[in-house]
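First to last, the protein sequences are chains A and B. Everything in the first sequence is counted per this note's numbering, starting at 1 for the first residue and increasing by one. Everything in the second sequence is counted per this note's numbering, starting at 1 for the first residue and increasing by one.
Treat the hints with care, since some could be wrong.
[Said to hold, decoys possible] Chain B regions said to be covered by chain A (calculated; three or more residues, Cβ under 8 Å):
#1 14 to 24
#2 37 to 51
[Said to hold, decoys possible] Some residues of chain B that are not near chain A, with every Cβ distance over 10 Å (derived):
#3 V4
#4 E59
#5 F65
#6 E68
#7 D71
#8 T76
#9 K83
#10 E85
#11 S87
[What the hints assert, rightly or not] Computed list of lysine-lysine pairs in BS3-like fashion (alpha-carbon distance at most 27 Å, straight line):
#12 K49/A with K57/B
#13 K83/B with K68/A
#14 K69/A with K49/A
#15 K78/B with K58/A
#16 K49/A with K68/A
#17 K83/B with K69/A
#18 K83/B with K57/B
#19 K42/B with K49/A
#20 K78/B with K57/B
FYI, nobody ran anything at the bench for these hints, they're computed from the structure. C-beta: ideal position from N, C-alpha, C; glycine also.
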Amino acid sequence: AQSVTQLGSHVSVSEGALVLLRCNYSSSVPPYLFWYVQYPNQGLQLLLKYTSAATLVKGINGFEAEFKKSETSFHLTKPSAHMSDAAEYFCAVSALSGANNLFFGTGTRLTVIP
Amino acid sequence: EPEVTQTPSHQVTQMGQEVILRCVPISNHLYFYWYRQILGQKVEFLVSFYNNEISEKSEIFDDQFSVERPDGSNFTLKIRSTKLEDSAMYFCASRGVGEATEAFFGQGTRLTVV
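With the sequences and hints as input, model every part of the structure.
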């Protein structure tokens with residue numbers, strides 16, 4: 001079974017500050033890991049994905065995430081927050097089994113303070 | 001750029017009525033999914049569909065729910081007799097072939113049961 005845990009339902013950062021959104025996963029098989037972003041009243045947009053290649057994954061809008069097997073983590077970071085980064089961020093896991101369903105975390109709402 | 005399209009964007013229905021939520025997945029995709037997001041909560045997996053049949057479903061997806069791919073382009077979710085607790089945002093997603101491909105999500109249908 002696969003699952004993810006996102007620590008912190010709300011994170012606030014100042015504009016220009018580091019963004020760190022935490023995600024830990026649980027999987028009985030090597031996982032594929034994803035970060036999706038949801039802007040208000042919109043659907044889910046893929047930020048980046050880890051699929052067992054490089055452990056440091058770069059995504060859109062300056063975000064990146066590092067897969068750490070020893071820590072079962074896949075934290076999302078961005079060096080400098082921008083006002084447009086304010087959104088809900090979801091970590092998700094799937095495995096190479098069946099239909100590769102995605103299982104989402106509870107989400108972290110990022111607020112950027114000017 | 002190809003996208004997943006969902007209609008309607010907002011549906012209001014009376015408790016006990018049947019609703020059909022419609023989705024047009026990306027044309028060359030083979031895996032189709034429905035997820036729901038109750039207001040303020042995480043995105044939950046409902047069902048996955050491949051090769052004209054359900055491949056996996058969650059415990060949420062009970063006998064009140066059904067999915068269908070009536071033609072080569074549409075993918076529908078039917079709720080037979082809606083309950084107040086069915087009020088949520090429903091997301092359709094599709095995925096292409098390949099174990100590492102990501103799912104693309106539609107903008108969602110907000111279902112309000114009154």
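Status of the hints after comparison with the structure:
no.: 1; hint: 14 to 24; in the structure: violated (count 0)
no.: 2; hint: 37 to 51; in the structure: holds (count 8)
no.: 3; hint: V4; in the structure: violated, 8 Å
no.: 4; hint: E59; in the structure: holds, 13 Å
no.: 5; hint: F65; in the structure: holds, 16 Å
no.: 6; hint: E68; in the structure: holds, 17 Å
no.: 7; hint: D71; in the structure: holds, 21 Å
no.: 8; hint: T76; in the structure: holds, 18 Å
no.: 9; hint: K83; in the structure: holds, 23 Å
no.: 10; hint: E85; in the structure: holds, 18 Å
no.: 11; hint: S87; in the structure: holds, 16 Å
no.: 12; hint: K49/A with K57/B; in the structure: holds, 24 Å
no.: 13; hint: K83/B with K68/A; in the structure: violated, 42 Å
no.: 14; hint: K69/A with K49/A; in the structure: holds, 15 Å
no.: 15; hint: K78/B with K58/A; in the structure: violated, 38 Å
no.: 16; hint: K49/A with K68/A; in the structure: holds, 14 Å
no.: 17; hint: K83/B with K69/A; in the structure: violated, 42 Å
no.: 18; hint: K83/B with K57/B; in the structure: holds, 19 Å
no.: 19; hint: K42/B with K49/A; in the structure: holds, 19 Å
no.: 20; hint: K78/B with K57/B; in the structure: holds, 14 Å
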